[in-house]
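Protein chains: 2
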Amino acid sequence: MRLSRFFAPTLKENPTEAQIVSHRLMLRAGMIRQHAAGIYNWLPLGNRVLQNVARIVREEQNAAGALEIIMPTIQSADLWRESGRYDDYGAEMLRIKDRHERDMLYGPTHEEVVTDIFRTNLKSYRDLPKNLYQINWKFRDEVRPRFGLMRGREFLMKDAYSFDLDYASARHSYNQMIVAYLRTFARMGLRAIPMAAETGPIGGTLSHEFIVLADTGESAVYCHKAYLDKPIPENVNYNADLSHIVEDWTSLYAAADEKHDPKKADELGADLVSARGIEVGHTFYLGKKYSTALGAKVVGPDGNQVEVEMGCYGIGVSRCVAAIIEASHDENGIVWPDSVAPFYVGIINLKVGDKACDEACEKIHDAIQLQGCDALYDDRDERAGVKFADMDLMGIPWQIVVGPKGIAKGMVELKRRATGAKEELSLESAVSKLSATI
Amino acid sequence: MRLSRFFAPTLKENPTEAQIVSHRLMLRAGMIRQHAAGIYNWLPLGNRVLQNVARIVREEQNAAGALEIIMPTIQSADLWRESGRYDDYGAEMLRIKDRHERDMLYGPTHEEVVTDIFRTNLKSYRDLPKNLYQINWKFRDEVRPRFGLMRGREFLMKDAYSFDLDYASARHSYNQMIVAYLRTFARMGLRAIPMAAETGPIGGTLSHEFIVLADTGESAVYCHKAYLDKPIPENVNYNADLSHIVEDWTSLYAAADEKHDPKKADELGADLVSARGIEVGHTFYLGKKYSTALGAKVVGPDGNQVEVEMGCYGIGVSRCVAAIIEASHDENGIVWPDSVAPFYVGIINLKVGDKACDEACEKIHDAIQLQGCDALYDDRDERAGVKFADMDLMGIPWQIVVGPKGIAKGMVELKRRATGAKEELSLESAVSKLSATI
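In order, the protein sequence lines correspond to chains A and B.
Mind the numbering: the first sequence is residues 626 to 1063 in the numbering used here, read in order.
Mind the numbering: the second sequence is residues 626 to 1063 in the numbering used here, read in order.
There could be a bad hint or two in this list.
For identical chains, the list gives no copy identity; a pair is met inside one copy or between any two copies.
Cross-link-like lysine-lysine pairs, in silico, DSS-like; alpha carbons within 25 Å at most [claimed, not checked]: (1) K1047 <-> K889; (2) K748 <-> K637; (3) K988 <-> K976; (4) K1047 <-> K1030; (5) K988 <-> K1040.
Rather than coming from a laboratory, the hints here were simulated on the basis of the structure.
If we strip away everything but chain A, and leave its shape as in the complex, we get:
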């Protein structure tokens, strides 16, 4: 992609409306623009990251056996009256009347809709277990939207809902999601720690928040330091018993503010980490709360009707984009982990119009594209300083600098954004070094 044809309106100055670093850098890098309070446009650079994050979430949900569906953003109020939550939910629910004066709403969550799908289509214990998820936009009418994507009103979420015949099976479904989440956040370059949590208005009796540690996090968190380098599960067989993995990841002390127990924490002594955290995911074992309210039953092996056991599991997909920036940036801008970067490679042409420079840049660009990988080629007629600054601000993981002096000797400079390490290499070596990492 040629930057001259792309659309990334970067800003030199810090926008005054942005109080936290992710909001500031997303505006400055030209990733997002505010449309209205808590409602954002995603520009091309932001959209590319959002899609990468969504892809990782999707791949790990699929690997864990969940099935992707799409539920509507606009829901009928009827199901919420049936579950009893229509009046309870409060002003955060965006309530709407359609042209026939029917009560509708923009879904802040989808327990009612998915339970309705279940009860009208699945009738036998043989259909279980099932885990249905979607990646779709939700709306919560926050009274004071702030912090950019962290506390916005319209946001992209992954929400999964599991249905099981009994507690043991429901617990296995819960464990599948815990393990999938560990892998999902790790693949985004995040260290997310599951912490026991309150269940709140969603209901249920067992719940974990996945909290990313970041100096700029929204709340205080406390955990055993062993969580900082605990290995992420690999080559998981999701059909096998996962309780030992979940046990390993949930038995040591880890608590956000609300659940923090100073006495227990103190017992850890030097092993206690106290830090700031950002919630990026939440898992809930729901039991029969919604299946009872909405009559979601199957015929069990003995011929009797059984209300199904449910769980629900959220990941804030758009929130993850902001959390990654909070966890990975420096004074020059964003430092994207390779897996979510909007472009894996940036090419900086120091002398646009110089035949040797232009040809070398196009050669590199085409070679990278041939690997099935997108490169961002800065072919603008701008000063070198502007180009370096924008490439760092946008956080491109690998940057190749092509200048007239170097290219006369066939050499380019390869820079790693995360470390700042630079090396001079022949054009061919730079391309093959990159290709080997793709």
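Assemble chain B onto chain A, guided by the hints.
Structure of chain B alone, referenced to chain A:
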């Protein structure tokens, strides 16, 4: 994917609420379920097709140089007041008040929002041309939602918006979209014909509807028979002049009902095709309608401010899913074109529990997956007739039937859904024949 773990609640009987074949078959194949009038849940099978259609649209938009963004579904009414459309739009616009009593709406289209993005971020003729598109949900509050996805309320749409300095450049942007659309619909297995159209409430002076021919189409259409087998442009250089391609595709007679001129049509004699059609896309040259209303200007090469020339280009992504079914089905169900099929290969195990059958099916399943292609393996304990019927209803393009008699000789049956052609092959030949087509 094992069908026993999948979620495709097929129906034997025709649902009484469905009046047209696509609606009927999408319900019967377990692709969708209605949530409320004109609002649908997409179950896993439907979601897979929808994603395939969206992927084709995205690839062709990108190839034509358009840049993907995401605009919010919930918009502020302010911009619509500025353009003068807030009062004009009528009851199809879903109007909402947020908790602070601010007027909001669920976007039925995004000219205002994208023009606002343009005017606040792009200032120079050097930034032009730009074409920004999104694939996102829209809502139009139809007074009588009907025909399933054909006239629903919440629907998935691709909408692109081009910005140019002058008419010649705007016309080139328009031509890029025309050519991209020809390729997009062809890749979905549709023959879509661009027909001169009214511009309606969107405005502008030049407009084409892309109409798919289908016996069950919503409106009468008339065109020169040359359109039926005109070759689709291949290896397009979108930077080159495209006017000869567009000329070739728009100069012969083609008109939907409203623009039909019986006198002109009669002149075609035996070359006239009169048929039924379904609109799947629409292109509009808008001129300066929105740039004037919202003040979207750039500094031109001479230093003067110029209002930009715009175009807008829609594809009904969810509508395409229905249109493909209208155009491609038989008495047994859906006949998916390979490119959009939810699964490319179906595997039918005629004797689940038989060691040889089970092993053969798993071997085929794994071999197909290794090609990066998804197979649907019917491992249910059901009668052969039910399995054949469901696989045809779901429209799986290639079907491999594994039975105990055949597999004792190492043989399986390979069936092509579209033609019904069957052949007996060794398991290895069947897999390598399929692999060669992937």
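Against the structure, the hints come out as follows:
no.: 1; hint: K1047 <-> K889; result: neither (47 Å within a copy, 69 Å between copies)
no.: 2; hint: K748 <-> K637; result: between (59 Å within a copy, 16 Å between copies)
no.: 3; hint: K988 <-> K976; result: within (15 Å within a copy, 56 Å between copies)
no.: 4; hint: K1047 <-> K1030; result: within (17 Å within a copy, 66 Å between copies)
no.: 5; hint: K988 <-> K1040; result: within (18 Å within a copy, 46 Å between copies)
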